[in-house]
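Fit chain C to the given chain R structure using the hints.
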Amino acid sequence: MALRDTPTGKGQRFSTIRTVAWALLGVRGHKPHEHDVAPLSPLQILITALVFMLIFVLVLVSVAIYISRQ
Amino acid sequence: MQATSHTGYAGHHDHDSHGHPTGWKRWVTTTNHKDIGSMYLWFSFVMFLVGGAMSLIIRAELFTPGLQYVSPEFYNQMLTLHALIMVFGAIMPAFVGFANWMIPMMIGASDMAFARMNNWSFWLLPPAAILLTASIFVPGGAAGTGWTLYPPLSIQMGMGMDMAIFAVHILGMSSIMGSINIVTTILNMRTPGMTLMKMPLFCWTWLVTAFLLIASMPILAGAVTMLLTDRHFGTSFFSAAGGGDPVLFQHIFWFFGHPEVYIIALPAFGVVSHVIPAFSRKPLFGYVSMVYAIAAIGLISFFVWAHHMYVTGIPLTGQLYFMYATMLIAVPTGVKVFNWVTTMWRGSLTFETPMLFALGFLVLFTIGGLTGLVLAMTAVDIQLQDTYYVVAHFHYVMVAGALFSAYAGLYFWLPKWTGHMYNETLGKWHFWLSMIFFNIAFFPQHFLGLAGMPRRIPDYAQQFADFNVISGIGAFGFGFSQLLVLVIVVQTVRGGARAASRPWDGAHGLEWTVPSPAPYHTFEDPPHFDQAEAHG
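Just so you know, the protein sequences line up as chains R and C, in that order. Using the numbering used here, read the first sequence as starting at 1 and increasing by one per residue. Using the numbering used here, read the second sequence as starting at 1 and increasing by one per residue.
If you are wondering where the hints come from, they were derived from the structure by calculation, not from laboratory data.
Dumping the calculated DSS-like pairs for lysine-lysine here, alpha-carbon to alpha-carbon at most 27 Å:
1. C:Lys282 <-> C:Lys198
2. R:Lys31 <-> C:Lys198
3. C:Lys428 <-> C:Lys282
4. R:Lys31 <-> C:Lys282
Calculated from the model, a selection of chain C residues having no Cβ within reach of chain R, i.e. all distances over 12 Å:
5. Ala60
6. Pro192
7. Leu373
Here a beta-carbon is modelled for each residue, glycine too, at the ideal position from N, C-alpha and C.
For reference, chain R alone in the conformation it holds in the complex (with noise of 0.2 Å):
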């Protein structure tokens, strides 16, 4: 991978996201995977993983919410 495509600064934080949605389908090509993932820490990934499994469950609770009310 050239050095001019190393996600930088709001890139990487993009690249994380990605990252994390796409391991919660449990699918992913390996091209992307290997341009995204390389710069990134695993200690970013794990963060940004937790935080979308707050945001999954917040999500699941507010339909199950909205659909109990109707």
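For chain C alone, coordinates are given in the frame of chain R:
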């Protein structure tokens, strides 16, 4: 593919040459990951036979309606001990045994990171096993609550319950120490060049499993400690009479209990992810997505616990949330199943015993997963809660999932451990007998559950008699077929055709670059990691 350097084990010494004890002292004092792995595996097999014998007492009692052989109290003790022994004494130690044997060899490490703690992790198991099994003989007998140990029943039981609580404490300590060891080994001791995303998938599954264990075992320990103080020290955590709530125990228990399901399943996924590519002679399809799916399953497993509790009066909103979350966990699990199938697609397949067990796993685990989805639906689960449908579901996941995968791993790695090939004919007999009798034993239990037969009851109405006879025949057939493993393993340990260092031509990984049997010390110097041996 064969380019990996062999220098890693070249410097090994005979273990007797530097003053290691021999005889029984070797096994008591050993810090060698291979010795400890073997002890875990033998221990789990002994406990498998003990737990299996208990299940045959259960099936003998259920062979016909009415009470025949055992009292209802003893029946309850048998089903409780059967479950506790199979989960904590057989399946979990079996996979820790695989981890001990294979993880250092797969990542090119000389041993586990904390070799003495590894010895201690193992030697905590026999006292726990003795506590559990000996509790049958104390006044009041063993715990008869079912493996979930729900209060108020567990507060009323005799001292057998205390023994079960202490056994759970000890087993939990062992698991946590084992997990810390595995995490440290995997994160710090991989050979240079083996990045996390080039690591064998079995190591990935164990890495996630170890984190699940570290996170969930203390919760179980907390739950049973509160149970203990409720029983003896006047607290009322779970006693409504003192202002407590028995349902609180169920929440705490299942917050541990559901990740526990994945603690058992993930290493099984890891084993199958090695066996299927080897006998398909193709690399694993979608390695990256497999890693993603493992991580996602591990994370989501902590957020679905109350699907075990739909009938406890949790609010409708809670029921809906847990239903959605549970159904969504099927997505990453489905990804794994599709990846295994796609790995076989246009592969050069052969069907040796490890592959047969892996395929048995694939078919039956998918059935177990599907019935899990059925049970995830609240409206359906309210009908099926505490029926034999649930028993059928989790035996498809636990036996056909975890046990079949453990057998796949056993036959796959036995040549590496012993230096001999096992008897293929007997292995195939073992597979087919297991496959046929397992389905005879457990498939009719779906029908029994749908017809409304409750679980954990020693007697039943006449209308359930026929399917129980079929299930009983299957269970005895399955139970006795398992003795074949003992014959095959003892035969293989004692002799047989010499195994090459890579007895399966499609197998990849550092473990296949060392001779068979694997020398007592491997990879004292980190081996060269060749890209061709990478899984990613």
